[in-house]
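Colleague: From just these sequences and the hints, can you work out the full model?
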Amino acid sequence: MALEAAGGPPEETLSLWKREQARLKAHVVDRDTEAWQRDPAFSGLQRVGGVDVSFVKGDSVRACASLVVLTFPELEVVYEESRMVSLTAPYVSGFLAFREVPFLLELVQQLREKEPGLMPQVLLVDGNGVLHHRGFGVACHLGVLTDLPCVGVAKKLLQVDGLENNALHKEKIRLLQTRGDSFPLLGDSGTVLGMALRSHDRSTRPLYISVGHRMSLEAAVRLTCCCCRFRIPEPVRQADISSREHIRKSLGLPGPPTLRSPKAQRPVACPKRDSGESSGEGQPPQDHSPGPRTAPRPGSQEQTGKDWQ
DNA sequence: GCGACAG
DNA sequence: ATCTTGTCGC
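First residue of the first sequence: 3, per our numbering; consecutive thereafter.
In short, the hints are calculated from the structure, not lab data.
From a predicted model like this one, the values you see are computed outputs, not experimental measurements.
Here a beta-carbon is modelled for each residue, glycine too, at the ideal position from N, C-alpha and C.
Since no wrong hints were added, every one of them can be taken at face value.
Lysine-lysine pairs mimicking DSS-like chemistry, simulated, CA-CA at most 30 Å apart:
1) K59 / K157
2) K59 / K251
3) K157 / K174
4) K251 / K157
5) K157 / K20
6) K251 / K116
7) K174 / K158
8) K157 / K27
9) K158 / K27
10) K59 / K158
11) K20 / K158
12) K158 / K172
13) K172 / K157
Taking CB as the label site, the calculated pair distances span:
14) R204 / K174: 17 to 27 Å
15) T15 / D41: 37 to 47 Å
16) L188 / T35: 22 to 32 Å
17) S95 / V194: 13 to 23 Å
18) S17 / D41: 38 to 48 Å
19) R250 / P42: 32 to 42 Å
20) T15 / M86: 20 to 30 Å
Modeller: If you want it as structure tokens, here you go:
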């Protein structure tokens, strides 16, 4: 009995959640509050954090929450914490935070206690910020509760406020030619909710960046781009890898022996300035260097031209 | 009834 | 979110 899984949470719960979102939304700061955010090279920024929650396959309760901290601009992992958790809230579009934030918050607080010196100056969050049904996505939620600058990094367009992944939208995506190209996501309400960003030269599918907390959209987009060795920004990608690996181990699965040492790779060159929009800007060919980098393992998540998922 | 649906 | 190897392209 009592399997509310079929119909999701009762209206009463959703109503409470909406009220909570509205209450916290008043605390969101959607502009730059730190000096480094306005610096063309982000000088002053030394640590970028990433969070993610991975799930156990056949289980709707067990999951693993991870927080990682990377140096900037090197993007080397200097902190990693993963924790198995028992999910309480179900996933409901528009209420992702109530499912994941409690655990992410715990991870941040644990870091604050045990390694305050490693506290990230900004968090990249898997999901949306103000690009949300009620303007308060998971990145805003975590940002307000931790009071850390946060950026929403979504892999799919959340179709709200008139935004649609239609032919016109796809056409705009097609015009994003190189890393750093982007276009604004203007909602019917007349507000720019976020930006579609081509984060990597070899990835067609854009990222949907939106303000989480204490950072302007412009800085958020610029920073995200500076964190991308692949399509998914390293902080989020590393958090994802960590949480999945943690799950494997906790399940006693036959994980790959110890095949992990990507060698420090050079940080991605940040698009200088003028990452305004469109493409076609004078971007001289830069592919002359024979990148001796470790072969980008195809099994990752980038360059997999599956646009239908 | 049909479509949409961050993670 | 999760299931998954190979495979096509630069």
